Amino acid sequence: MTGSPVHATLDDRELLRRYHEGGDASAREALVQRHLPLVRSLARRYAGRGESLEDIEQVGAIGLIKAIDRYELSREVALTTYATPNVVGEIKRHFRDKGWAIRVPRALQELNGKMGPTIERLTARLGRSPSIAEIAKEFQTTPEQVLEAMEAGSAYAPQSLSAGPDGDSELDPMETIGAVDEEFARTDERTSLEPALELLPEREQLILKLRFEEGLTQTQIAEKIGISQMHVSRLIRRSLERMRAQLS
Amino acid sequence: MSDRIELTTPVGRAWDPVIRLVLGGIGDRLDLGFDELDDLQLAVERLLAEARLEDRVTLSFEILERSVRVRIGPILTGAVAEALQGPPSKPGELTLGRILQTVVDSYGVEKVEDGHMVVRLEKAVRRG
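Residue numbers (the numbering used here), protein chains in the order written: chain A, 1 to 248; chain B, 249 to 376.
Okay, chain B solo, but in the shape it has when bound:
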């Protein structure tokens, strides 16, 4: 069974540093390079900034054999969820999808047990 860490915080810029520090701690344990950690932090920050969230957000970090998987939600359905579920961004388009395509290895929108939607991000861990 994979290790899992969960964090529930209010939504707001004041809480972003807390989330970045938790991600940093996880990145350190996984021996992520500064580049990779910064990519993962950027992905989460952009999602928090762009997705329509309720007043609290739960981030779940799952430590897998060769990757770290982050789930963020619940998100309110809308254009962001549709954009992430749609076809990949075209070259030259700077969208949330394009940013995520660049900084994580995979992403998607999932419906969880209670019917809420969450965004899933996965970043490969390239340990020496």
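Next comes chain A alone, as it looks inside the complex:
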């Protein structure tokens, strides 16, 4: 859904009014589509830090949606001005939440890179998911190295997220525009992730459905979708995190 041609002729303020006062969900969607280029532009600043650009853009889009939802019509500020710190805040929080203050040795990175195909091969050979010891034997290494390499998959060397793409001291958008995004606030009511499910990409929705509704194992999902078991594992975690962030 990209909004009707009528929406294309309306300015941001009118679309925001239709959404907030009239409950017009298609006006909200039109605003999201209109400002995705802003999200892409901001996301590019955070590329090359261990996350794919596509992933960063998706996280940034959540910030955009939050900005549209929180925008107060009494504000004199343009939506782009208001949305920018929200998008940047969402991206920064994503990196901060994933942050792990270590540098991963190259040997572990390489081992991690080979892990997915090896687990797939062993699963096919054994007819079941391999144990850590079996994976270690395949690599002629220790189980501890395998566990550390698995962990390395979710680690990255943190740089200052306020720095530019090359680590320079380019001005942080958070310092130049608007207010800081609200901190994560837990509420007792947030026990269901359901409302955030539809905001996920279709493939991730399918994976969650196969895992948690149909009860397929990661191995079975990997076969069905045509990706590695490790990738299924990562996508499940990432999807659940995104849904939680969206609900916060």
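Hints were generated in silico from the structure; no laboratory data involved.
Treat the hints loosely; a few may be bogus.
Below, computed lysine to any residue pairings styled on SDA-like, alpha-carbon distance capped at 20 Å [as the list claims (entries may be wrong)]:
no.	chain 1	residue 1	chain 2	residue 2
1	B	Lys338	A	Pro37
2	B	Lys338	A	Lys137
3	A	Lys137	B	Leu269
4	A	Lys209	B	Lys338
5	A	Lys209	B	Leu269
Bear in mind the structure is a predicted one, so any value in this text is a computation, not a measurement.
Model the placement of chain B on the given structure of chain A, informed by the hints.
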């Protein structure tokens, strides 16, 4: 008497890798498959992310004959504890309860000796 390992850590995402590594080491000793280990790690991660915890959390791992039992707490009483104590999630609902139902064999909320609440997870060990 079953073997028991206890780990107390500050609460925060920076400590999740430490917990995953400990779980990985236990999974290796029990010969868990990669699938089963990943399920158990996911259960613990989701609980740490969703349950209301104090600033430190204690994880207790009990190695039983045919399963591994993990207790996590103390949790603050609230919707998460109530949701886990209530009826199972309905089909189509994606809740913490639904995730735990999928990835572990049993779970529940227990009151321990000092009056605190902890969440118990149990994962069967299917050794050849």
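Here is what the structure says about each hint:
{"no.": "1", "hint": "B:Lys338 to A:Pro37", "in the structure": "violated, 39 Å"}
{"no.": "2", "hint": "B:Lys338 to A:Lys137", "in the structure": "violated, 42 Å"}
{"no.": "3", "hint": "A:Lys137 to B:Leu269", "in the structure": "holds, 19 Å"}
{"no.": "4", "hint": "A:Lys209 to B:Lys338", "in the structure": "holds, 14 Å"}
{"no.": "5", "hint": "A:Lys209 to B:Leu269", "in the structure": "violated, 28 Å"}
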